[in-house]
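Participant: Spelled out from the first residue to the last, the chains are:
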Amino acid sequence: MSNEKKYKILMVEDDESQSLMYQIEFKNFGMDLIVVNDGDLAYDAIVKQQPDLVLLDMLIGKVSGLDVLNKLKTNDATKNIKVVVMSNYNKKGINEECKKAGAADYWVKSDFVPKQIVEKVQAILK
Amino acid sequence: MLTPEISIPIYAQIPSGILIFAIGLYSWLKIKKKENFIFFLLAITQTVFAYGAVALFYSCGNDSLTMFIDRIFLYPFCIMMPILVYHFSFEFCGIKAKWQKFALYGGYVWSVVLVVWSQFDSFISGAYHYRWGCHTQARFGNHFYVALIIIYVLLAIYNLYKVWRDKNVDALKRGQAVYIMIGFFIFSLAGFTLLWAYGYGIYPLSYLALPLFIIVIAYAITRYRLMDISFIFRQSTIYLITISLFLLGLYLVIIVSAWYLKIAVHWNLVTAAFFASVLMLVMFDRTRDFIAKIANRYFFSEAVDYQEVTNDLTKQLAKEIDLKKSLQIIKDALVKKMKLGGVKIILFDKKIPVTESLEKVGFNSGTSGFLIKYYFNEKGMAVEQELNFILDTTKDKEKKGQLERLREDMKKIKVSICLPLVVGEEHIGLIFLGDKPSASAYTKEDLEALSILESQASIAIANAMLYQEVRDYSLNLKKKVSEQTKDIREKNENLKKLLEMRSEFLNITSHQLRTPVSVIKGTLSMLIEGRLPEKDQKHLLETAYDKAKKLTDIVNDILLASEMKSDKFNVEMERVQLKDVVQEVYDDKVEDAKNKGIELKLDLPNATISDVLSNTKYLKQVIYNLINNALQYTLNGSITVQVEEKTKTVLLRVIDTGIGIPKESLPKLFQRFSRAPNAVATFTDGSGLGLFIIKEIIDSHKGAKVYVESTELGKGTTFTIELPKTKSI
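Residue numbers (my numbering), protein chains in the order written: chain A, 56 to 181; chain B, 21 to 749.
Source of the hints: derived by calculation from the structure; they are not laboratory data. It is possible that some hints are incorrect.
Each computed SDA-like pair below joins lysine to any residue, with the alpha-carbon atoms no more than 25 Å apart [what the hints assert, rightly or not]: (1) B:Lys517 x A:Gly148; (2) B:Lys555 x A:Phe84; (3) A:Lys146 x B:Thr529; (4) A:Lys170 x B:Val537; (5) B:Lys640 x B:Glu604; (6) A:Lys146 x B:Val575; (7) B:Lys506 x B:Lys516; (8) B:Lys541 x A:Asp69; (9) B:Lys516 x A:Gly148; (10) B:Lys614 x A:Leu75; (11) A:Lys154 x A:Gln105; (12) B:Lys121 x B:Lys182; (13) A:Lys175 x B:Val537; (14) A:Lys147 x B:Ser582; (15) B:Lys541 x A:Leu108.
Which residues of chain B face chain A? A partial, calculated answer using Cβ under 7 Å [as the list claims (entries may be wrong)]: (16) Asn527; (17) Val537; (18) Val539; (19) Lys541; (20) Ser545.
Each pair of labels, with its calculated beta carbon distance range [what the hints assert, rightly or not]: (21) A:Asp160 x B:Pro553: 20 to 30 Å; (22) A:Asp87 x B:Arg509: 54 to 64 Å; (23) A:Asn125 x B:Arg551: 32 to 42 Å; (24) B:Glu664 x A:Asp99: 42 to 52 Å; (25) A:Asp160 x B:Glu503: 51 to 61 Å; (26) A:Asp160 x B:Glu520: 23 to 33 Å; (27) B:Lys555 x A:Asp160: 31 to 41 Å; (28) A:Asn125 x B:Arg509: 29 to 39 Å; (29) A:Thr129 x B:Asp507: 43 to 53 Å; (30) B:Ser523 x A:Asp160: 17 to 27 Å; (31) A:Asn125 x B:Asn496: 55 to 65 Å; (32) A:Asp99 x B:Glu503: 51 to 61 Å; (33) B:Lys555 x A:Asn135: 34 to 44 Å.
In this text the structure is predicted, and so the values were computed from the model without any measurement. Note that beta-carbon positions come from the ideal geometry of N, C-alpha and C, so glycine has one too.
Only chain A is shown next, with the shape it has when bound in the complex (with noise of 0.2 Å):
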């Protein structure tokens, strides 16, 4: 684990309850979660950081997921920054759409335990 190159992970996440469990998991696995709360925030915090992964949720405040995903994609700061969009809400479509908009895969939360998403992230990654 040591040898291996120390990834960045960022989430986008408003849910203090899901951020804390999901931010022990990384760390049991030797990864650092860092957590953005506010949807107006995790753009700034995204260039400022240059995190190797993006795990972003839908349902952000006043600003949706997507709208976040499409500023990230047309930026040529932060447009090669890996995103997973992760979220508890799957409307018909929005898997195909954030696909389309740049994200490298969509996750349904409540679908994976938070050892699991470990997991993808890391698959991902390598």
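On the provided structure of chain A, position chain B as indicated by the hints.
Facilitator: Below, chain B alone, put in the same frame as chain A:
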């Protein structure tokens, strides 16, 4: 000197001359075609020949007169005949051959030369006398005339024969060719007259050639439209021909009996009589019309040609399908043509707007019933004049009374005849007729005509009524269809909106259900696998427990909402003390609010308040939902629960300092799955059913109301519930 005997054929020349001239002139005036003009020229030569022959007959005995007449009236015209006949065939057959053209011009030159030559003694001189008449004597030049006849008549017949046998020519033209050919052949027989010029005194049958020619040509015209003209035999033409035949017969009788009895006939008188008869024939038609007109005007003012009236009516009604117009046509026929006064038509079909009831017209109901049910079945039509007679002979007292009433009713509204309109077994209406204007009685002929008219009118009216019914029905149907289409479209729109809302609700609800599930599931999985650090355990487990409770609320809301839209939902009313219920809910929620950083305040009146009519369980649900709702949309500040007693009601207010509700969202506020736009953007734990559930519960109360008392964006909202006091009900 020998006085010649009268021969019948010579007299046939007189009418023939007029007729052939008339046909020739008509053909040329009607169609200005070359062949028609040639025919007209030929007709002129024939006419002059016809009268010249008669003149020649009367000149017999005076040789120089005979010579004069023959040279001036006969030879110049007769010489032109063969070339005209040929020319006609040339045009009729559309001859193109060069030698024929040459023959045509040559023929004209030949004929003109002969016409000039005929004025000299080397052509004709002196006269032969025969029993039937006289003729100049042929000299050397006359032989060339005979040759002319033979050559050109044969050429003409040859041309016509060719057309007749040509299968490529259309049937009509070929038919015409045959008759012209036969006509010309017959006419050429007149050439036998020339035998007299050579000293052979044969009976002058050759004079019959002209009338026969006329008959053949006239037939070809009527049957085959010869020269593109046609005669249409009108009724008067038939009369004319009939009378002509009688006249011919009369002349024949005169001539034959004069000849047989050897009586000297005064031929001038006969000729005068002949011209008088021709004049009569020509004037017959006009005179008849004129006399009829005068007679109708001054003598028989009421004489109506019923056949004409019914014919006209049939024609007009056949063209009309509109009921109102049909009725007008019938009225016009009765008033203007049959000259009957005061016509009124009544139809029994109440749906038809032009209809008046019999009672409205002036009949009492008993009479009208009698009129329709009994009288028409028995008698066909009710005639006032006849009623008097029937009354005298009727023994049945009841019937007599009814008949008397009928007569009175008819008199009252000045009706002389009630004419039923019947189709099949059904009486569709009545025609009322007033008196005849001349005040004379209706004749048997009138009544018969009315009966015929009645059946025509009935059918026409029934058709028009049926048409109107179908038209109205179809219009109605169209209207209905368009209404229902509109209705369906609206319903469809509503359904679409509802489906959209439902789908949005499912998206939100599933999110709300999954969120606690993901926390509970994640926390438990980490606990089981021993990866939950000691220091975070308590906090995370408490969060999971909270989420589990919320999950229960959401599931309950969903179940309650789906139960509410079924017919089974019914809230049982009981006495409820609102203060107690509010207190209970407040105690339960005050902690939750505090955890969220919001102050939950209670504002209850100090005095005891009246009970309200409600249901504790459901009322509690309402208050919970109102407070939950306020908690969800209030990010900071306070929520106040207020109770206030009014005269008939008790008010419950939940006042928050939340995000407020946009005005455009207020009308849809209490609908299922509805959410204001600013509510979607704000993360909420709600099911989206809170207000809907409140509304449903309050609506199932009698006399209770729920509404937004005030709201301002960013400042807060006040929801108010009015509950009726138990006393007031």
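Participant: For every hint, state whether the structure bears it out.
Facilitator: Hints, verified against the model:
1. B:Lys517 x A:Gly148: holds, 19 Å
2. B:Lys555 x A:Phe84: OK: B:Lys555 and A:Phe84 at ~18 Å, within 25 Å.
3. A:Lys146 x B:Thr529: holds, 11 Å
4. A:Lys170 x B:Val537: holds, 15 Å
5. B:Lys640 x B:Glu604: Holds, at roughly 8 Å.
6. A:Lys146 x B:Val575: holds, 20 Å
7. B:Lys506 x B:Lys516: holds, 15 Å
8. B:Lys541 x A:Asp69: It holds: about 19 Å lies between the C-alpha atoms, which stays within 25 Å.
9. B:Lys516 x A:Gly148: Given that 25 Å is the threshold and the Cα spacing comes to 19 Å, the pair holds.
10. B:Lys614 x A:Leu75: OK: B:Lys614 and A:Leu75 at ~22 Å, within 25 Å.
11. A:Lys154 x A:Gln105: Holds - the C-alpha atoms of A:Gln105 and A:Lys154 are around 21 Å apart, at most 25 Å.
12. B:Lys121 x B:Lys182: holds, 17 Å
13. A:Lys175 x B:Val537: Judged against 25 Å, a Cα distance of about 20 Å means the pair holds.
14. A:Lys147 x B:Ser582: With a Cα-Cα distance of about 23 Å, the restraint between A:Lys147 and B:Ser582 holds, given a limit of 25 Å.
15. B:Lys541 x A:Leu108: holds, 24 Å
16. Asn527: holds, 5 Å
17. Val537: holds, 5 Å
18. Val539: holds, 5 Å
19. Lys541: holds, 6 Å
20. Ser545: holds, 4 Å
21. A:Asp160 x B:Pro553: 20 to 30 Å: holds, 29 Å
22. A:Asp87 x B:Arg509: 54 to 64 Å: Because 58 Å falls inside the window, the suggested range holds.
23. A:Asn125 x B:Arg551: 32 to 42 Å: holds, 35 Å
24. B:Glu664 x A:Asp99: 42 to 52 Å: holds, 49 Å
25. A:Asp160 x B:Glu503: 51 to 61 Å: holds, 53 Å
26. A:Asp160 x B:Glu520: 23 to 33 Å: holds, 28 Å
27. B:Lys555 x A:Asp160: 31 to 41 Å: At roughly 32 Å between Cβ atoms, A:Asp160 and B:Lys555 fall inside 31 to 41 Å, so the hint holds.
28. A:Asn125 x B:Arg509: 29 to 39 Å: Because 37 Å falls inside the window, the suggested range holds.
29. A:Thr129 x B:Asp507: 43 to 53 Å: Hint holds: Cβ distance 48 Å, inside 43 to 53 Å.
30. B:Ser523 x A:Asp160: 17 to 27 Å: With a Cβ separation near 24 Å, B:Ser523 and A:Asp160 satisfy 17 to 27 Å, so the hint holds.
31. A:Asn125 x B:Asn496: 55 to 65 Å: The hinted range 55 to 65 Å holds for A:Asn125 and B:Asn496, with Cβ atoms some 57 Å apart.
32. A:Asp99 x B:Glu503: 51 to 61 Å: With Cβ atoms ~59 Å apart, the hint holds.
33. B:Lys555 x A:Asn135: 34 to 44 Å: holds, 37 Å
Going down the numbered hints, you'll see the structure goes against none, and every one checks out.
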